[in-house]
Amino acid sequence: MGLRLAPTPRRPHSVRSCGFALLEILFTVTVMALVILGAVVTLTRSAEVGDKAAARATAAESAESLFEYMRALGPEETIRRFEQGAPGEYLLIPGLPPPPVVKAVPAGQGVVDVVQLLTGVAPVPDLTAPPNGQVELILDETRTDATAARFGCPRVDLDGDGACATRDIRGRARLVPVYVTIRWRTANGEGRLDAYALIGR
Amino acid sequence: MRTRSSAASPRPRVRAERGNVLILALAVGIVVALVLSGILSMTLQHGGAAIERGERAQARWGAEAGFAKAREAIYRKRIVGLSRLLEGPDGMPGTADDGIVPDHQLPFGGGEVRIRIENDAAPGETAFEDRNFRVVVRATGKAGLSEESIRAYVSVPDAFRSRHGVLAGHDLEISGTMDVTGSVADVHANGNVTIAGAVEVWGDVTATGTVTAGAGNVRGTTTSGAPPVKIPILDVEAYREVADDVLRLDGRVQNATGAIVGNGLLGSSFYGWSFDLVGLRWTFSGRRAMNGTFFAETDAYVSGSGSDATREGQWYLSLVARGNIVVSSNPDIRADSPGILLISNKDVRISGSPNLGTRIDWDDLPATPGLVYAMEQFYIEGRTTKINGTVIGATSRNLSLLVTRNHLAGTAQLGYEGDVIFSDGTAKAVDVLYWERTSEHLR
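Protein chains in written order, with my numbering: chain S, 227 to 427; chain X, 2 to 444.
Honestly, the hints are just simulated from the structure, not real lab data.
Given the structure is predicted, the values throughout are model-derived calculations rather than measurements.
Check the hints yourself; a few may be wrong.
[What the hints assert, rightly or not] Ranges between beta-carbon positions, derived for each pair:
id, chain 1, residue 1, chain 2, residue 2, range
1, X, Ser-269, S, Gly-397, 28 to 38 angstroms
2, S, Gly-397, X, Thr-311, 34 to 44 angstroms
3, X, Leu-400, S, Gly-388, 21 to 31 angstroms
4, S, Arg-369, X, Ser-184, 35 to 45 angstroms
5, S, Arg-396, X, Leu-400, 33 to 43 angstroms
6, X, Pro-158, S, Ala-355, 38 to 48 angstroms
7, S, Ala-298, X, Glu-437, 47 to 57 angstroms
8, X, Arg-384, S, Ala-298, 54 to 64 angstroms
9, S, Pro-351, X, Ser-397, 26 to 36 angstroms
10, S, Ala-283, X, Glu-441, 54 to 64 angstroms
Virtual Cβ for every residue (Gly too), placed ideally from N, Cα, C.
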């Protein structure tokens, strides 16, 4: 009878520590949520930047290859194959999805696959595919628009006659300014590359 | 006491564990944040690198555009020598525009292009005097913060160095008391060579046919049946593009930009040049002359001294003609375009006492050796005619009957040191011998 049970060991408890575990959990959850949010944003942004960089690199490599090809052709042949209305005016660059709104290709002209073009396969113009590249040649020494101005026109002698007054250099071109526009659209938005080169002999 | 003390012992341990999860979460958060900031930094760098690559690519295309422009500028001067490019548009060495080609600094693709041409400093050349048709091009393209430069050695592929003082594409006759002197005083004909009179030739005389020395004094060897020498056939029309002034078939004078700057019709003259409408030829007379490289669409006659052209009494003239060239007076002519004295698409006839391409032992002025070239035949005579350079009669064609055989006569003196190089003008482009590319990003 005189026996008394020893008190069951209890978790220490005080008024000051009331609710601490809840606060702790809340803080922890908040911190982890911020961390996870940061991680998601960073990784998304990283993927986006990587995607854009990859698309831009593809576009730049395509432009580079195109310019090299034109240099190998020389000015006159470049004009023949890429001038307005020629098969090479509108290009399809594989790996770069074209944006939904593109410049309309004139009926019957079609779009040429740049890989076929560069590898020497006679390209068959696709009359239905939307282009993602366009080539513009400056053949008039007297042009004064913004595109021509980017090549220094009308101060550039393109046909070697010592003057800058020839309105059509076809047949006597020694230098041809080439402006290539490449557009694309990926999951992360649209992109565009403007490339300028001067093709000489 | 012991029991109390043992019952109180858990309290401090529990207190010590308070906030451990939070600290752990913070620690994990910091680590993850560090990792993420690293990823973010790499991502931004990756994005920046993509932009930089794009700028570099455009800068490179700009540099290549500048290089293409420079090659064109060199191509345009391929037949009149590259010294003019080295001297710049003002034609004066040692000035601010040296090595500058037209439009040497242009906007290009949102950036800019700069071009400069320097001499390759080959032996015997100065910074402003090219003799080997080879120069160094520096083209720099700039886009954004990127700069790409191309440095290249460029040459004119068909540059021809004459190895003979006199070179004939057909038979050659030398007579009188003619002297052929200099370290490269060789004479060759893709035909027969006949030497008559007290002719003095310091070098060798060779012919694919027969060499008949006669009373002449040939200090070198004489060789009959020698292999033929390839003689360049100049594209005379190519000089029209690069001439300072064109003496046109209609009697008017056109400058390099295509503007009409004078006429030689009906008593008028352009710095001594007048046009004979009946004979269809341009004739220079008098002392007042203009220095420069002239292209005549007809025959060109020089019958004046032109001694008022410079204070030294020298006339800096390179004369190219679609027809014959006849010099019959006493002008003291130095090549205006290096290496070019007289080039005719038909015959060249020289008499009187002209001094062409002054030699240092003939007076105190620097030597300016040059080419005297007849597409058909030449006839050089005169009492004191002096020519410093090489004389070539290229073909046996005889469209003009002014001269029908290659002939050196009289007391003319001809000296040649082997230093005349010229281009036949037929190349379609220049040669790139070596090139290197350097890049710089200013970020």
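Against the structure, the hints:
1. X:Ser-269 - S:Gly-397: 28 to 38 angstroms: holds (36 angstroms)
2. S:Gly-397 - X:Thr-311: 34 to 44 angstroms: Cβ of Gly-397 (chain S) to Cβ of Thr-311 (chain X): about 42 angstroms, so the range 34 to 44 angstroms holds.
3. X:Leu-400 - S:Gly-388: 21 to 31 angstroms: holds (29 angstroms)
4. S:Arg-369 - X:Ser-184: 35 to 45 angstroms: violated (55 angstroms)
5. S:Arg-396 - X:Leu-400: 33 to 43 angstroms: At roughly 34 angstroms between Cβ atoms, Leu-400 (chain X) and Arg-396 (chain S) fall inside 33 to 43 angstroms, so the hint holds.
6. X:Pro-158 - S:Ala-355: 38 to 48 angstroms: Since Pro-158 (chain X) and Ala-355 (chain S) have Cβ atoms about 44 angstroms apart, the given range 38 to 48 angstroms holds.
7. S:Ala-298 - X:Glu-437: 47 to 57 angstroms: violated (21 angstroms)
8. X:Arg-384 - S:Ala-298: 54 to 64 angstroms: holds (59 angstroms)
9. S:Pro-351 - X:Ser-397: 26 to 36 angstroms: violated (55 angstroms)
10. S:Ala-283 - X:Glu-441: 54 to 64 angstroms: violated (21 angstroms)
Going through the hint list in order, the structure does not satisfy hints 4, 7, 9, 10.
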